[in-house]
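> Sequence:
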Amino acid sequence: MDESLSNRSVLFRYCRIAAVLVVLFSSFSVHAQKFIGTRLEHLPADYNLSLLEVEVVAESEDWVSFEQLVPNLGMGEGVEWMRLTLDPMTENGKLIEIQNAGIDDLTCFMVCDGKIIASYPGGIMNTGGDGHQFGTYPSFPVPLVECNELHALFRMQSNKPMIVPLRIAGPRKVLEDAHQRDVLFALYAGVMLVMLLYNLFLFLSIGDRSYLEYVLFIFAVGGTQLVLNGYGFIFGADQLPWLNLRLTHLFGVFSGLTTIVFVRNFLRLSRYVPWLNKLLNVYFLFYLLALLLAVVGRLEWSYQLINFCAAGTFLIIPGTIITMRKGYSPAKYFLLAFTVFIFAVVIFVLKDAGVIPYNAWTFYALPMGSAIEVVVLSLALASRINQLKRESVQAREEQLRVSQLNEQMVREQNSVLEERVAKRTSALESANSNIQNTLDELQSAQQQLVQSEKLASIGQLTAGIAHELNNPINFVASSAQSLRRDFEDLTQVIEKVKGMDPMDPGLKEEMIQLKEMFGSLDIEFTQREIEELLNGIEDGTKRTSEIVKGLRIFSRMDGDNFTMAQINELLESTLIVLRSNLKDHAVVEADMGTDLPLVSCQPGRLNQVFMNIITNASQSMEDSGLAVEERIVRISSKTVESIGQSWIEVRIKDHGVGMTEAVKAQIFDPFFTTKAVGEGTGLGLSIVMGILSDHNAEVDVDTEEGVGTEFIIRFPL
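Okay, so the sequence shown: first residue is 0 according to numbering that gives the first Met the number 0, each after it adds one.
Among the hints, erroneous ones may be present.
Straight-line alpha carbon distances no greater than 25 Å define the calculated SDA-like cross-link-like pairs of lysine to any residue that follow [said to hold, decoys possible]:
#, residue 1, residue 2
1, LYS541, ALA381
2, LYS331, LYS172
3, LYS541, ASP521
4, LYS331, ASP351
5, LYS172, ILE35
6, LYS637, THR673
7, LYS331, ASN280
8, LYS514, ASN534
9, LYS652, SER641
10, LYS497, LEU513
11, LYS93, LEU215
Honestly, the hints are just simulated from the structure, not real lab data.
Values in this document were obtained by computation on a predicted structure and should not be read as measured data.
Could you build the full structure based on these sequences and the hints that come with them?
Below, the structure is given as structure tokens:
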């Protein structure tokens, strides 16, 4: 209930931020600027301009008038010409402004009675070069001249769609509007920067990779909107013509790539919607191709490919719905955010196509949509953290259940062992009457030695687990005592507050006493200490769960039954058991292969194999003269395929004293040992060979005296 109220409070706060952004963007009315596209004329695309001078172009009779207030010339590789007829009496001294910051090459020629009297550069490749640009949009002054016919002739070329929202206004009006746009986009950039820094802080605090991916996503989306609206200079691109010409394409690619990475990991598409996850991989490659095209100069192709890939974002909506129906609650916030953004994209595209009016809502649809998307996605990330906490609680409950089950299995195992020992002891006592009984007794003694080796392994397990469990349990116990003291302090404050009467005239004095109590008890320190103690208890619990999991795998009582198991899990559980015994003797370096197939085996017996070999490797380096940090036991596993056969290969290598060929030939013989009398039974590797033979596994020993030894075990698949 409390979590639901907290989520609702955060949602209301983000909704207020989104509402403020909508009001700010809509406060600037594009509709009131009276675009004059119907006064513009355009030369047909097949008009041969290469043989004509500018003055000849101005006097051509092939001009065609536009019917739209905001003409859209589409995308083309050639040069486009437009003409605007001016009134030299009423419009001189005013500014012609084209509210499109994305035209690559733009030049305005002022033609008076068929003669060029002025020319002004504009566009991305020469913005502001001669002081003819006010704000982020190119603008050109109408000259103060006397002439019968005054024309503004525009020569333009761009690798992006050429949309021409053109108006004529006084310099003051143009400057005021430019200033207002700057303020609005400064607020937009501020909101995006705050969200970026906030989520970067969360990433550094929590360590969840989703927050880093979201930070990159915010930068890409915000940067794209700033570049599209003429603020690319804040990235320093205006000083680099090559980069300035491609900045829109680069941000488009970066935005697409970060969106794919963020969406895949946040929505867990590989788990919930595998087909969409694979499809987004294809779009990822398309974006990289678009980047390559932009670098080599195929800007039109790159722009078209980026737009094609951007259309793929519509597929995220059904993928989000599928994820939400499978019980992933953060998907509902994600669905809201992307629905708003895609709705804004549709409005923006329809506005450029002339289907809907060109006004404040349609003009600022993308910035508003992206800002709302960013704040709602922040709420989605918060919901995701809550989801992970719930899953963690469920996992701990399951681990506790498994731990209790394992404890019961261990008790049953001890009972079975005691029963077997009793039976064998009885058999030994009745075998002393004759020679055959003597031989039986010798065989039984050998079996007892084998059992002793197994019990020694169990002793190692018990000692290691007891030591590993003792540290986190002691820490949890001490933390619980500290928590009790902190709660006693808080209880004093609570009892004091409960005893206050709102109608009591002496309430003010009681409040002063309460404040003094806060100071004497140092409540702020107590709150911080409680948080730290809870974190410590949680860490101790996780460590205990990890140890119990390793014990569960290591101590599986499968008997003579074969079952499917993961070799890596068996190795890892053995290392957990041996961690305490090895830490003062050797350093273990593990390089486990990924995606190893399951093998049919007896897991408990294989754990004994790995324990014996790893322990021998550690002991072999004690007389090598190396420091502990230089005594390295390297363990690796991988899948090998050769000549139509495949197997899992496990390597255990040490830098110990090695063996001679004579010693190597006897290491698997029963009772053979190189240790001093009383330090070993000589059965460890003999038992290893017997277990591996039962598993049809091969073992090779690569050793060199004074260099070290490597055991290579191959399990057939």
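> Hint by hint, which ones does this structure get wrong, listed from lowest number up?
Of the numbered hints, 2, 3, 4, 6, 8, 11 do not hold.
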